[in-house]
Amino acid sequence: MISFTPTEDEQALLDTCARFAEQVLAPQTREADRENAISDRVRQQYRELGMPLLGLPETYGGSEFGLIAKVLAEEALARVDAAQAVALDEAGFAAQAVLLLATDAQKQQLLAPFAQDAAYALALAADERDPAANLGYMQTQAEPAGEDYRLSGEKLAVYNAQRARHFIVLARVQEGEGLAGVAAFAVDARDPGLTIELEDRMGLRAARACRVGFNGVKAQRLGGEEGNVAGLRRLYAIIRTVNAARIVGAGRGALNFAIDYAQDRKTFGKPICAHQGLAFFMADMEVALEAARNLVLKAAWRLAQGEDATVESCNAAIYAAESGVRVTIDAIQVYGGAGFMKDMPVERYARDVRTLANMLGGSEDHQAVLGEALYTNSGLKAKDSKAKVVAP
Amino acid sequence: MIDFSFTPQMKMARDMLHSIMEKKVRPLCLQADQEAGYPDSFYKEMMPLAQGFSLGGGGSSGGKKESSEVAGMSMKNMALLAVVAGEELGWGDPSMSLVMPGPGTGGPALAARGTPEQKEKYFGMLKGPQPHWAAYALTEPGCGSDAAAIRTRCHKDGDHYVINGTKCYISNGARAEWTLVFATIDPALGHAGHRVFIVEKGTPGFKVGKLESKLGFRATETAELIFEDCRVPVANLLGGEEAYAKGEKAGFKTAMEFFDTSRPLVGIMAVGIARAAYEELLQFVHDNYLLSRPIPRYQAMRDRLADLQRKIEAARLLCWKAAWMADNGIRNTKEASMAKLYGPQIGMEVTSCAVQLMGAHGTAKGTLSEKLFRDVKVFDIFEGAHQIQQMVVARNMFERVRLTTAGG
Numbered sequence: 001m002i003s004f005t006p007t008e009d010e011q012a013l014l015d016t017c018a019r020f021a022e023q024v025l026a027p028q029t030r031e032a033d034r035e036n037a038i039s040d041r042v043r044q045q046y047r048e049l050g051m052p053l054l055g056l057p058e059t060y061g062g063s064e065f066g067l068i069a070k071v072l073a074e075e076a077l078a079r080v081d082a083a084q085a086v087a088l089d090e091a092g093f094a095a096q097a098v099l100l101l102a103t104d105a106q107k108q109q110l111l112a113p114f115a116q117d118a119a120y121a122l123a124l125a126a127d128e129r130d131p132a133a134n135l136g137y138m139q140t141q142a143e144p145a146g147e148d149y150r151l152s153g154e155k156l157a158v159y160n161a162q163r164a165r166h167f168i169v170l171a172r173v174q175e176g177e178g179l180a181g182v183a184a185f186a187v188d189a190r191d192p193g194l195t196i197e198l199e200d201r202m203g204l205r206a207a208r209a210c211r212v213g214f215n216g217v218k219a220q221r222l223g224g225e226e227g228n229v230a231g232l233r234r235l236y237a238i239i240r241t242v243n244a245a246r247i248v249g250a251g252r253g254a255l256n257f258a259i260d261y262a263q264d265r266k267t268f269g270k271p272i273c274a275h276q277g278l279a280f281f282m283a284d285m286e287v288a289l290e291a292a293r294n295l296v297l298k299a300a301w302r303l304a305q306g307e308d309a310t311v312e313s314c315n316a317a318i319y320a321a322e323s324g325v326r327v328t329i330d331a332i333q334v335y336g337g338a339g340f341m342k343d344m345p346v347e348r349y350a351r352d353v354r355t356l357a358n359m360l361g362g363s364e365d366h367q368a369v370l371g372e373a374l375y376t377n378s379g380l381k382a383k384d385s386k387a388k389v390v391a392p
Numbered sequence: 001m002i003d004f005s006f007t008p009q010m011k012m013a014r015d016m017l018h019s020i021m022e023k024k025v026r027p028l029c030l031q032a033d034q035e036a037g038y039p040d041s042f043y044k045e046m047m048p049l050a051q052g053f054s055l056g057g058g059g060s061s062g063g064k065k066e067s068s069e070v071a072g073m074s075m076k077n078m079a080l081l082a083v084v085a086g087e088e089l090g091w092g093d094p095s096m097s098l099v100m101p102g103p104g105t106g107g108p109a110l111a112a113r114g115t116p117e118q119k120e121k122y123f124g125m126l127k128g129p130q131p132h133w134a135a136y137a138l139t140e141p142g143c144g145s146d147a148a149a150i151r152t153r154c155h156k157d158g159d160h161y162v163i164n165g166t167k168c169y170i171s172n173g174a175r176a177e178w179t180l181v182f183a184t185i186d187p188a189l190g191h192a193g194h195r196v197f198i199v200e201k202g203t204p205g206f207k208v209g210k211l212e213s214k215l216g217f218r219a220t221e222t223a224e225l226i227f228e229d230c231r232v233p234v235a236n237l238l239g240g241e242e243a244y245a246k247g248e249k250a251g252f253k254t255a256m257e258f259f260d261t262s263r264p265l266v267g268i269m270a271v272g273i274a275r276a277a278y279e280e281l282l283q284f285v286h287d288n289y290l291l292s293r294p295i296p297r298y299q300a301m302r303d304r305l306a307d308l309q310r311k312i313e314a315a316r317l318l319c320w321k322a323a324w325m326a327d328n329g330i331r332n333t334k335e336a337s338m339a340k341l342y343g344p345q346i347g348m349e350v351t352s353c354a355v356q357l358m359g360a361h362g363t364a365k366g367t368l369s370e371k372l373f374r375d376v377k378v379f380d381i382f383e384g385a386h387q388i389q390q391m392v393v394a395r396n397m398f399e400r401v402r403l404t405t406a407g408g
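Just so you know, the protein sequences line up as chains V and W, in that order.
Residue numbering for the first sequence follows the numbering used here, beginning at 1 and increasing consecutively.
Residue numbering for the second sequence follows the numbering used here, beginning at 1 and increasing consecutively.
There's no promise every hint is true.
Unchecked claim - For the chain V half of the interface with chain W, some residues (derived, Cβ under 7 Å), not all of them:
(1) I2
(2) T7
(3) E64
(4) L156
(5) Q263
(6) C273
(7) A274
(8) A279
(9) F281
(10) N294
(11) L370
(12) G371
FYI, nobody ran anything at the bench for these hints, they're computed from the structure.
Glycine is no exception: its CB is placed at the ideal position from the N, C-alpha and C atoms.
If we strip away everything but chain V, and leave its shape as in the complex, we get:
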């Protein structure tokens, strides 16, 4: 039965996150952005609430909240500060990768420390210089070496890299189309073959994105020796959905500031929101965000049902990126010249959303996946097998 009401547990979590964001994150936003770092005290408080581990099974210290809860929580945090939200997600996509792809023994090894060690963190290394990396076209290679593998290559935009005890790395392991030739590996962050270099990035600065080099680094393959394309696809569906939720949250945060400002700021004797040109402009922002949010919820619902959510997650990610980028830029426009200044909150939202929209796959990558998922079986395909069809 169609419903838009969270469960009581989800609502309680949502309230906790919203309160935490308002009380703890909000006072820190400017400093975190300027210093390229999140305060240890904030990190500690978040950890004490048990928040980073919510999605993990109870055996690893989590409380088995589902994807809908995750999406609602990330949206609430990002409404205040998406950069700190990403920084605080210390289990994050890496833990999702472990849950989806690893053997039980590997899960025990990589996830159990969360329950015991408050400083334990994982980071996912997937992005590369070529954006198509997220479709499986990766330069980072894994060569078999005895029981293990050796990794060589370079990953970009690895968030929380300097805190991670292990990296979960996606790398090419064999010839094969797209994700079919890719596997996930666990790498010890203390391996001497690793280089970790802090990047200077436009947005999500508090999450300290790093460039990570792998120079013959020892790596343990997650799962068995046979590939797990379905698992990788699901991982990307989760990534798209959660990031879309962050974008929607940040878009809402920026729009809320703009709504506030438009009622205070006066021109020609009345609040600027009373000018229809601006009122309509802002009504369109509202519609764009609401539509994106519904798509995110639907994708999360599909994932929570255990169903394939390739189409829904791509819809959510692309729509959220389009809406979020536009809404945050338009929020600057509502502020006028003031919006361009770092004293005002809206320019940070625009930088963060722009960065999120490129994180672990951009709209063009999602669109390629979406087109494949939608039309492969619909007959919309060149009938001659010799026809060159660019497909992921």
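Based on these hints, arrange chain W on the given structure of chain V.
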């Protein structure tokens, strides 16, 4: 729990309607477009469906218990059910929302505001087996979305009211057994001066003017109604005289109160139209576009199609949410307007893109895509034009500043 699944009842309604649309409506819809109406036999055939659902455009009265009972369906989730059904109607033929026999847009207002005697008499008039319609006449040459501006006058004369004025663009206005007519006792009184009358077909002083010829939506009847000293018994004042006592704005409220359920319905019908155009395009591309040779446009085509399906889905969910709110008694003025704003917006985009990508074939008469392109525009206009919806959304965004705009 956040959920996007259908109940068995919704699935049943969707499947049944889809099958009727596919088998009975689609084969006739191009001809109905050209001849500005379906054959009489069609309306008769539709009677069982029409009486079961009572889904005339805006005629769904989801959430309003009283009217649901009148329609013979006192069930929860009426607005959602109507939205699910509405998508299939739009898919079958955009005109379906109004050609279906029944009280149409006059139904919800009579159900919610009529006295028991009025309801019994006038809903009774529409019972089968012969098809009958009713109408709702608010719009005038100088007033549409700005409902406060009506100029049709009425004054009391003994046990009658005398109506003078002209109404335009009234759906089913010529064939209606009765029409709800909005008039004012004094334009200076604004909303408080409004009165609503049930005017029967054939009442002296009431005549039908010209029948409009339209860009699209052509199977629906659109009439001008002229009132010249038209005398209507006091008993036909909607809701009785008490309803208007103490200067209450009962007439205006009647005009406004169904937007919260009717706007999502208009939105979803446009979604149904968009889906129909998308499916046509997909089929066309499959059948004609991809010859057995490399086609550089393939990727571009696939991207365009993916964009269209994404927007259709986004619009659909806006409608679902607005309807879900109505069913759950949550104030949805903003969401209903967002659904109404966005559905037709993407409806126009999708139908236009479908025509575009079909090349020379796309604009040929006798193709569904060409008809859908013409049909969808009106959804962006009636029940409050696009810009009215933007006004309503904006007005509900700014809590500290009261925007002086009309439209709900």
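Tested hints:
no.	hint	in the structure
1	I2	holds (6 Å)
2	T7	holds (5 Å)
3	E64	violated (16 Å)
4	L156	violated (26 Å)
5	Q263	holds (5 Å)
6	C273	holds (5 Å)
7	A274	holds (6 Å)
8	A279	holds (4 Å)
9	F281	violated (9 Å)
10	N294	holds (4 Å)
11	L370	holds (5 Å)
12	G371	holds (4 Å)
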